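K.L.:
Just need the whole structure built from these sequences, with the hints factored in.
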Amino acid sequence: MKTFEYARAASPSDAVRRSGPGVMYLGGGTNLVDLMRLGVAQPDHLVDVSRLPLDAIEQAGDRLRIGAAVRNSDLAADPLVRARYPMLARAVLSGASGQVRNMATVAGNLLQRTRCAYFQDVSRPCNKRRPGSGCPAIDGDHENLAVLGRSDACVATHPSDMAVALAALDAEVHVTGPGGDRIIPMPGLHRLPGDAPERDTVLEPGDLITAVELPPPPPGASAYRKVRERASFAFALVSIAAVLDVRDGAVAGCRVALGGVAHAPWRAGRAEQAIIGGPATGEAFLAAAEAELDEARPLPRNAFKVPLARNLIVRTLEELTP
Amino acid sequence: MNRVEARVKVTGLATYAAEYPVEGVTYAYPVQSRIAKGRVTRVDASRALTMPGVLGVLSVEDPPELAEDADGELALFQSRDVAYRGQLIAVAVADTYENARAAADAVRVSYEPADHDVGLRADHPGLYRPEVVNPDYPADTERGDVEAGLAEAAATIDVTYTTPVEHNNPMEPHAALALWDGDGRLLVYDSTQGTSSDRETIAKTLGLPASHVRVVSRHVGGGFGCKGSTRPHAVLAALAARAVGRPVKVALTRQQMFDVTGYRTPTIQRLRLGADADGRLTALEHVAYEQSSTLVEFAEQTATPARVMYATPALRTAHRLVRLDVATPSWMRAPGECPGMYALESAMDELAYAAGLDPVELRVRNDPETEPESGLPFSSRNLVGCLREGARRFGWDRRDPEPGVRREGEWLVGTGVAASSYPARRRPSKAAATVRDGDFHVQVAAADIGTGARTALTRIAAETLGVAPDRVHVELGDSDLPDAPVAGGSMGTASWGSAVVRACEELMKNGSEGHADTTGEIATDSRLARHAFGAQFAEVRVSEVTGEVRVSRLLGVFAAGHIVDAKLARSQFIGGMTMGLGMALMEETHTDEEFGGFLRRDLAQYHVPACADVQHIEVVWLDEQDERLNPMGSKGIGEIGIVGTAAAIGNAVHHATGLRVRNLPITPAKILMARF
Numbered sequence: 001m002k003t004f005e006y007a008r009a010a011s012p013s014d015a016v017r018r019s020g021p022g023v024m025y026l027g028g029g030t031n032l033v034d035l036m037r038l039g040v041a042q043p044d045h046l047v048d049v050s051r052l053p054l055d056a057i058e059q060a061g062d063r064l065r066i067g068a069a070v071r072n073s074d075l076a077a078d079p080l081v082r083a084r085y086p087m088l089a090r091a092v093l094s095g096a097s098g099q100v101r102n103m104a105t106v107a108g109n110l111l112q113r114t115r116c117a118y119f120q121d122v123s124r125p126c127n128k129r130r131p132g133s134g135c136p137a138i139d140g141d142h143e144n145l146a147v148l149g150r151s152d153a154c155v156a157t158h159p160s161d162m163a164v165a166l167a168a169l170d171a172e173v174h175v176t177g178p179g180g181d182r183i184i185p186m187p188g189l190h191r192l193p194g195d196a197p198e199r200d201t202v203l204e205p206g207d208l209i210t211a212v213e214l215p216p217p218p219p220g221a222s223a224y225r226k227v228r229e230r231a232s233f234a235f236a237l238v239s240i241a242a243v244l245d246v247r248d249g250a251v252a253g254c255r256v257a258l259g260g261v262a263h264a265p266w267r268a269g270r271a272e273q274a275i276i277g278g279p280a281t282g283e284a285f286l287a288a289a290e291a292e293l294d295e296a297r298p299l300p301r302n303a304f305k306v307p308l309a310r311n312l313i314v315r316t317l318e319e320l321t322p
Numbered sequence: 001m002n003r004v005e006a007r008v009k010v011t012g013l014a015t016y017a018a019e020y021p022v023e024g025v026t027y028a029y030p031v032q033s034r035i036a037k038g039r040v041t042r043v044d045a046s047r048a049l050t051m052p053g054v055l056g057v058l059s060v061e062d063p064p065e066l067a068e069d070a071d072g073e074l075a076l077f078q079s080r081d082v083a084y085r086g087q088l089i090a091v092a093v094a095d096t097y098e099n100a101r102a103a104a105d106a107v108r109v110s111y112e113p114a115d116h117d118v119g120l121r122a123d124h125p126g127l128y129r130p131e132v133v134n135p136d137y138p139a140d141t142e143r144g145d146v147e148a149g150l151a152e153a154a155a156t157i158d159v160t161y162t163t164p165v166e167h168n169n170p171m172e173p174h175a176a177l178a179l180w181d182g183d184g185r186l187l188v189y190d191s192t193q194g195t196s197s198d199r200e201t202i203a204k205t206l207g208l209p210a211s212h213v214r215v216v217s218r219h220v221g222g223g224f225g226c227k228g229s230t231r232p233h234a235v236l237a238a239l240a241a242r243a244v245g246r247p248v249k250v251a252l253t254r255q256q257m258f259d260v261t262g263y264r265t266p267t268i269q270r271l272r273l274g275a276d277a278d279g280r281l282t283a284l285e286h287v288a289y290e291q292s293s294t295l296v297e298f299a300e301q302t303a304t305p306a307r308v309m310y311a312t313p314a315l316r317t318a319h320r321l322v323r324l325d326v327a328t329p330s331w332m333r334a335p336g337e338c339p340g341m342y343a344l345e346s347a348m349d350e351l352a353y354a355a356g357l358d359p360v361e362l363r364v365r366n367d368p369e370t371e372p373e374s375g376l377p378f379s380s381r382n383l384v385g386c387l388r389e390g391a392r393r394f395g396w397d398r399r400d401p402e403p404g405v406r407r408e409g410e411w412l413v414g415t416g417v418a419a420s421s422y423p424a425r426r427r428p429s430k431a432a433a434t435v436r437d438g439d440f441h442v443q444v445a446a447a448d449i450g451t452g453a454r455t456a457l458t459r460i461a462a463e464t465l466g467v468a469p470d471r472v473h474v475e476l477g478d479s480d481l482p483d484a485p486v487a488g489g490s491m492g493t494a495s496w497g498s499a500v501v502r503a504c505e506e507l508m509k510n511g512s513e514g515h516a517d518t519t520g521e522i523a524t525d526s527r528l529a530r531h532a533f534g535a536q537f538a539e540v541r542v543s544e545v546t547g548e549v550r551v552s553r554l555l556g557v558f559a560a561g562h563i564v565d566a567k568l569a570r571s572q573f574i575g576g577m578t579m580g581l582g583m584a585l586m587e588e589t590h591t592d593e594e595f596g597g598f599l600r601r602d603l604a605q606y607h608v609p610a611c612a613d614v615q616h617i618e619v620v621w622l623d624e625q626d627e628r629l630n631p632m633g634s635k636g637i638g639e640i641g642i643v644g645t646a647a648a649i650g651n652a653v654h655h656a657t658g659l660r661v662r663n664l665p666i667t668p669a670k671i672l673m674a675r676f
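Respectively, the protein sequence lines represent chains A and B.
Residues in the first sequence are numbered consecutively from 1, following the UniProt record's numbering.
Residues in the second sequence are numbered consecutively from 1, following the UniProt record's numbering.
If you're looking for bench data, these hints aren't it; they were derived computationally from the structure.
One should not assume that every hint holds.
Claimed, not checked - Stretch-level coverage of chain B by chain A, calculated; a stretch enters the list once three of its residues show a Cβ under 8 Å from a Cβ in chain A:
| id | stretch |
| --- | --- |
| 1 | 576–590 |
| 2 | 600–608 |
| 3 | 611–618 |
| 4 | 654–668 |
Everything numeric in this text was worked out from a predicted model, so none of it was measured.
Every residue, glycine too, gets a C-beta built ideally from N, C-alpha and C.
P.N.:
What follows is the structure, encoded as structure tokens:
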């Protein structure tokens with residue numbers, strides 16, 4: 001591990017002031033410290049933002065504001081979250097382990113890096129870690145990697161469960177930075193790899209996530225389901241966050257976001273559009289799922305994710321149908 | 001009886017190899033090859049040597065002195081040839097672990113790479129028949145006419161199974177702390193399954209008399225075979241300590257463990273079986289294809305269970321090996337029996353379906369009178385008893401054999417059975433027993449790698465002496481104690497326990513002390529086939545939506561002689577079956593075809609079962625009296641638990657879905673691509 005300096009930020013603006021080349025913000029450290037030990041992340045300075053007063057979950061009118069430093073365990077256990085956004089609590093609880101969730105923060109969860117085997121191994125090429133070095137996953141170990149929105153430069157997936165639920169909930173990410181404050185609507189925080197896979201998100205250098213704000217929960221029933229070969233403590237092969245509002249047999253509202261399929265939480269807008277206004281039937285859900293997955297470009301060893309995502313969309317929406 | 005070292009373990013006082021407080025200790029961090037084949041043309045340590053705290057860099061540029069006949073994996077820095085990616089090619093030594101690692105990163109290695117070949121194939125032109133398979137079985141056997149047997153069979157199957165590279169992954173990473181004294185004597189605190197054999201190997205590798213080396217290993221955080229033989233980290237610590245004149249500690253990272261501490265060879269196994277109209281075998285052929293490195297031949301005995309399991313007039317077993325540009329595979333959790341019985345017991349299930357017979361009944365009908373290959377009588381064999389008892393407890397008689405017809409919502413439900421088997425060997429061991437201050441002190445260089453050996457030996461000694469266990473104190477894990485064989489091959493308790501019983505018996509005769517060496521006793525053991533047997537039953541649920549497989553019930557019934565300690569035995573059986581569940585559904589190391597070496601080298605990517613995967617697990621054993629094994633009448637139980645589990649689960653997946661997934665692990669990907 002490269003030697004680094006450590007400092008605690010006194011306030012969000014102090015943290016931003018300390019930002020600069022070679023500086024990284026430290027939250028719970030559950031991913032960043034691993035990456036530093038692996039040599040993947042090599043910051044000169046760590047600015048600890050985990051103790052900033054950003055650890056509250058507050059009602060703001062009919063919205064819910066979740067501080068960036070709220071620990072994942074606290075988020076999942078929060079009575080307001082459980083009552084109004086049970087899908088979010090479920091998504092958080094399906095991730096990692098109890099010990100990791102006790103440490104991990106909301107912002108850190110959003111900004112965790114891919115678990116692609118090549119990205120995490122500095123002795124092998126990776127366009128995300130070392131731009132231009134190549135992507136061996138495309139011809140190699142890509143079983144767990146992306147089928148949607150991938151590029152020839154990168155087939156990594158974003159590993160978060162929480163982010164998938166946030167994408168379905170139209171969450172807004174509050175950011176402060178050298179350029180001032182801004183709000184980024186999910187799933188717009190994360191970007192597709194294109195020819196710049198080294199950039200996971202649209203954040204600019206020095207940007208600090210301060211909160212995630214949830215609009216009122218969408219009407220209807222919701223669910224989060226995660227598929228994995230090990231029953232616990234495993235990243236999703238594919239996961240789904242879905243909301244379905246059926247009135248008089250017709251779909252009034254539908255939201256679907258997928259995890260484990262792309263470089264970002266994948267909001268299945270095409271499927272949603274196909275479903276809204278139509279009948280809440282398995283045939284309609286299947287047609288919508290197939291429309292969404294039409295643009296999937298699987299690799300030889302992750303082709304299973306296409307039928308898996310299709311089945312998951314159909315079954316989850318069927319279960320949400322009253 | 002609780003584990004005698006339970007308190008020191010749960011309070012953190014148990015000292016593991018890397019934890020011994022040693023004054024002036026320094027740290028070594030290895031440099032690993034980044035090519036899979038070729039030559040190291042230059043190791044440039046000039047920058048590393050100027051870094052803070054750095055005491056030295058060892059490499060092939062100035063090869064350390066080692067015995068010329070050192071094992072290929074232990075002959076560190078002797079050759080410029082690279083045998084596999086990840087091989088240790090240099091080491092940096094510094095005052096702190098961090099400085100050593102930084103220096104290792106700063107060592108510049110130049111290579112002359114060559115084309116590598118890391119892929120095992122059943123049609124590989126380099127395949128050959130090894131002289132023997134681990135430890136010393138013939139590679140091939142043939143009795144009767146397999147082709148004729150298949151030709152006359154009423155039902156036949158011809159199927160190929162594969163198992164992937166798997167890694168042992170004990171919780172405690174390999175570590176060693178080496179100290180030389182002024183007289184050229186070496187003390188190594190090592191994480192090992194056997195201090196006597198580790199001392200021998202380290203001494204031989206360094207060209208020292210064994211009397212100049214001492215290995216201490218009082219507590220070991222699991223081994224599962226990968227600490228059964230000396231690993232390069234121990235030699236690395238000794239060489240580095242000799243070079244810098246200070247004690248040196250080496251603690252491998254999880255990733256380094258994947259590279260240099262052994263693994264289970266991938267296997268390709270072809271099974272051809274035939275049965276007559278009554279379900280009696282007419283032929284059984286088991287051919288296993290496996291890999292080893294270019295450095296050392298390790299040939300896993302994968303097809304040997306077929307020589308033990310079933311009566312057949314025609315039996316052929318064969319092993320073919322290819323030497324690839326990979327690390328040397330080694331012992332892992334029931335080498336041979338575990339992958340071999342996965343294939344054989346899956347094939348028996350397929351044959352049961354082909355013959356229209358119940359899978360329990362098929363096994364019962366083919367239970368042999370004597371060991372099929374050798375013709376030797378069994379010391380005891382209760383496979384049929386295990387199958388019958390397991391069937392009764394599991395509710396097997398209510399099973400509808402039709403596959404793919406039971407459903408709970410989206411979950412398809414099925415059950416499967418498989419047999420377990422593991423040899424019941426023992427090896428010569430020494431032990432000593434003395435009386436001091438009214439207590440009994442037993443010494444033997446055994447290893448407790450988490451199994452509870454210390455506790456089992458305490459109990460064996462107490463029962464022999466006729467005293468309460470709390471008056472017996474067992475000292476183990478030190479090569480200065482009476483020589484003992486490795487904790488492996490499920491023969492630790494049988495070997496050490498025999499010596500402990502004899503030492504205690506002598507003590508009782510003379511009232512003060514007893515010394516035992518069972519070499520002579522074991523040499524006169526009668527020629528018998530000695531094996532433990534078992535039957536495992538699994539119930540699985542397979543999602544037709546996601547392809548996920550969840551094991552809702554596991555039952556193991558074992559016949560393993562006298563069970564020395566019920567609590568320890570239950571833990572061992574359950575542990576083995578849980579590892580078998582991992583083998584069935586998740587464990588897999590990926591070989592990197594492009595760059596060589598392994599991928600997914602950590603526990604976030606190499607999945608072993610979590611508690612949530614083990615929903616209901618039950619273990620029972622049959623009372624088995626077998627006087628001809630050893631003074632305890634015990635059979636080893638360290639490994640039989642894993643043997644057969646994967647087949648039982650795979651057979652249950654077939655029963656649930658109608659699908660035969662013949663390539664482990666059985667993942668959602670394979671289920672989805674085959675079915676949906």
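K.L.:
Now tell me, hint by hint, if it's right for this structure.
P.N.:
Outcome of the hint check:
no. : hint    : in the structure
1   : 576–590 : holds (count 3)
2   : 600–608 : holds (count 6)
3   : 611–618 : holds (count 3)
4   : 654–668 : holds (count 3)
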